[in-house]
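Participant: As they're listed, the protein sequences go chains V and B. Note that the UniProt record's numbering has the first sequence beginning at 1, numbered continuously upward. Note that the UniProt record's numbering has the second sequence beginning at 1, numbered continuously upward.
Hints are not guaranteed to be accurate.
Rough simulated footprint, nothing fancy, chain V against chain B, three-plus residues with beta-carbon under 8 angstroms [to be verified]: (1) 117-123; (2) 139-145; (3) 229-240; (4) 284-297.
Rather than coming from a laboratory, the hints here were simulated on the basis of the structure. All figures in this text were calculated on a predicted structure; none of them were measured in a lab. Yeah, the Cβ is synthetic: ideal placement off N, Cα and C, and Gly gets one too.
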Amino acid sequence: MPRPIDRTSVAGKEFPATDHLQLVVLGAGPAGVAAAVEAARLGLRVMLVDEHPVASALMGIDVPWMFGERMTASVQNQPRMLERIVAARPELEQAFEVGVDVRLGVYVWAAFVTGPTSRALPCRMLALADETQSWLIGFDRLVVAAGARDLAVAFPGWDRPGVMGAQGFAAAIGLYGAFAGRRVVVLGAGVTGLRCVQQAREAGIEVAAVVDVAAAAHEEFATHGVTVHSGCAVRGVEGGAEVEGISIVPVGGGAAVTIACDTIVSALDTVPNVEMFDLLGCAMAFRPEWGGHVPVTDADGRCSVDGIYAAGDCAGIGDAEPRDPALAASSGREAARAAARDAGFAAPAPARTIRTHGGDREARRRHWLQVHAGPAAALTICRCEDVTLRDLLGVRPPRYLSYDDAKFAGRDVRTLAGDGPVNQDQVKRLTRAGMGPCQGRRCREQVQTLLAMQGNQPSGSVPMPSYRAPLRPLPLSVLSAHDESAALRANWTGWFGIAPQWLPHWEKVPENPEYWGGRIFLDAAK
Amino acid sequence: MSGHVVVIGGGVTGLSTAWWLRREGVAVTLVERGIVGWEASGRNGGGATHAYSPLFREEQRLWPMMDELLGYPTEYQPQRIRIALDPAQLEQYWRVTNLAVQQGFRAEALDAHALKELVPWVPDSVAGGLLWHFGGHANPQRTVQAYAWAIEDLGGTILQHTAVTGFDLRGDKVVAVQTDQGPLGCDAVVIAAGPHTAQLAAMVGVTVPIAPARAEMIVTEPLPLIRHGGADGNGLYGRQTLRGNLAYGGGPHEWLELPDARTPKAVNSPVVRSLARRLHELFPKVAHARVIRSWAGVVENTPDGRPILDRLDAPANLVIATMSSVGFGLSPASGRAIMQLVTQGRCDFADLSQLTLSRFAGLPTDWQARNGWVPWSPDGAEGERGPARADAAGPLSASGQAQAHS
Ligand SMILES: Cc1cc2nc3c(=O)[nH]c(=O)nc-3n(C[C@H](O)[C@H](O)[C@H](O)COP(=O)(O)OP(=O)(O)OC[C@H]3O[C@@H](n4cnc5c(N)ncnc54)[C@H](O)[C@@H]3O)c2cc1C
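Let the hints inform the model, and build the full structure from the sequences given.
Facilitator: So, in structure tokens, the structure goes:
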């Protein structure tokens, strides 16, 4: 007897895929390109997907990096940007040569794998999209080489246009060649700041100064002849609609100094871009020495979910010296070899890359937030949802609601912690911090640190808030399933198909157990 | 009633029950395995329009007062608009409308023009709609916390991160609830553990038929506010939140099994694209609205889709409370009804005679399989399906095809 199927459920539904790949590589940075090239050479059918050039509208809300509205109008010309990116990443040439299916300007916005709550899935799938539509592909293995994200840390004026992140800055001058500034102040006198200074110098952009709350700066700044203001806090950003300068003041007190600039690069640190690992259900760990949350992997980059591999910065960012693309490339090659071997292809054993890290970077982030967030309760923490430090730590409802302030007098993050460890997702629900269109990119890490600081806890004690699909904010028209299966459409119900659920309560449910489930009713209704 | 009531489950059903008990001055401890409202109660559509339920009238009476009664905002908004893209949808929405009208509630038919005045995003070809002067919606995440804080304000106790592991019986009564943090003495117990109600009831020898399923939703960036946020249709339920986001769900669910006392993290599926499609069809004028999140939750379903709200004969001080997947909106009313079952053995404001557990006495043991309410996988396999392997699937093709990039 065939098993009865609930037709209003996902059982038996098809989700048309345009292709099925043995290996997909997410991210065409040095790690991703090396992974794709290596895997193709080893005989796998490989697709390499990268979102750049991204839509200028996304750049406008700091997705995927903090562009700070400092991109020239040229980014609106996507065909030209595509050429530019291919030129900026010469290693892509190799990928084309060895037959990798290269997709640029394509977002990977979700991954679907089978698990305890998704058994009905026909196969592992990735959801892709460009500017006009989305589609699905099947895949066996995935190397995630999604790189790093900007670390956003608050200071007075950080939410102004003209304040960008280290990754956004690097992309603006390198990948896109579309930086709209001339004179920058770099915040952060560590390796990330140092890299920004080097990049700026190479591109002929003036660096007015480097500022950090820490007393000590990376020694290499001296060789660049750039002024470093150590032990200084940001007092404010000067200017009207445009940034005209930054005002800084010694942490211990003293006279404020204003430095003229048109752009401020917030370069305290970067964080591994781990959204895809979380979506896939990979085990994660908080490793401050690697820059934050990272996937748990074996030495070859295998994640806890079968067939998922991590390569490059998204696996954890070393901070001991400016990042070396060769190191990332070798981690990409290793992941590709591991994937090839796991798929049954003859491949050399991965040669393990030794990565270095520079100790606890969380301490630097805390120091920064202590100095800037401490005294300034009105400081905005979540820009999309307009959540201030006071709102966040006081677990206040959003401004659009009226509420009884007296009721909240005795309620804050600490009292919430009295009922169990502070959970960032719970605070997010209450305050909306992290719930906006930038998808938490500009506040996730600092909220974690602030919550931990408030509870006198190590930052790792705050569970990582979940990442959700779509991993990029994409329009309804793009996400829309234009290719939806006829069976899915025909059996669509608003809420289950349990017929007697919708009978008025004064009507008794017929005493037929087959009817109870609603199947017979559905047949009769057709 | 004197004595101590233990409420198991910090979803809306348990929270509302504990709150109502405290309002009556009853000593109450609510036990929640994780954080309050973490499961279905914090992941639902927020709809509060259940015309077919015996608790409908009370649901409608209470919601407009809830912010004031609880002391914290729930984002409750009255009224609902149903939008029909074609005549078949319109007919379907009329059926539910008539149910409410029969009970004395008011509804208005909207022609395409009137509908566009209220919801400017609908397609020009819209068939029509209905404006309900009843029903409404609230923010589930704010509501669960409001219940929890209100319970604490009234002196009730909430034990989070505490899981119930068993019961001590003496005679026909439960005298203690065992938890992983130690025992809790009790004079009465309410099991309101959502999909896990069945497993807990089984510990005292009571069979409660519940099938768990996964359901999912999507949410967009904020848009300018329309007049009545509770505007839905085209096979979707949902609302524009007070912040302006569009939060909508519907479509195929997935039946699950719960192998142990935990609820597995519910994931999204490719169905999110179908939700986007229907929302795009419903509101083509905001096709540009960006989807910024999706989520899924695990819901509980009884065989006939109706709640089980029942004070048992044995154990005599036990109330079973599960809402069969429409429990958020009804929660102000369900908690009050459950409170009355605990304190006086019967509900005096609604007829719960259709909601007894005994109605399932003759249920065949394989009822879930008969309806296909069981996990399903394409190959019938039980376990996880990993990636294809060369040894299992034979040698894999090694053709690296060159394809033009788009
Ligand atoms: C996507 C989606 C959309 C929905 N839309 C709507 C809607 O628009 N309107 C509506 O009215 N309803 C809706 N629902 C249904 C509604 O959310 C549920 O019916 C309702 O939340 C059930 O509440 P509950 O308190 O009974 O159960 P739950 O919310 O499941 O709570 C049960 C609690 O018990 C706890 N628990 C379990 N076992 C133990 C144990 N051993 N010890 C201690 N604690 C335990 C769990 O941790 C959980 O917090 C929707 C549901 C979903 C998933």
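Participant: Against which earlier hints does the structure fall short, listed by number upward?
Facilitator: 1
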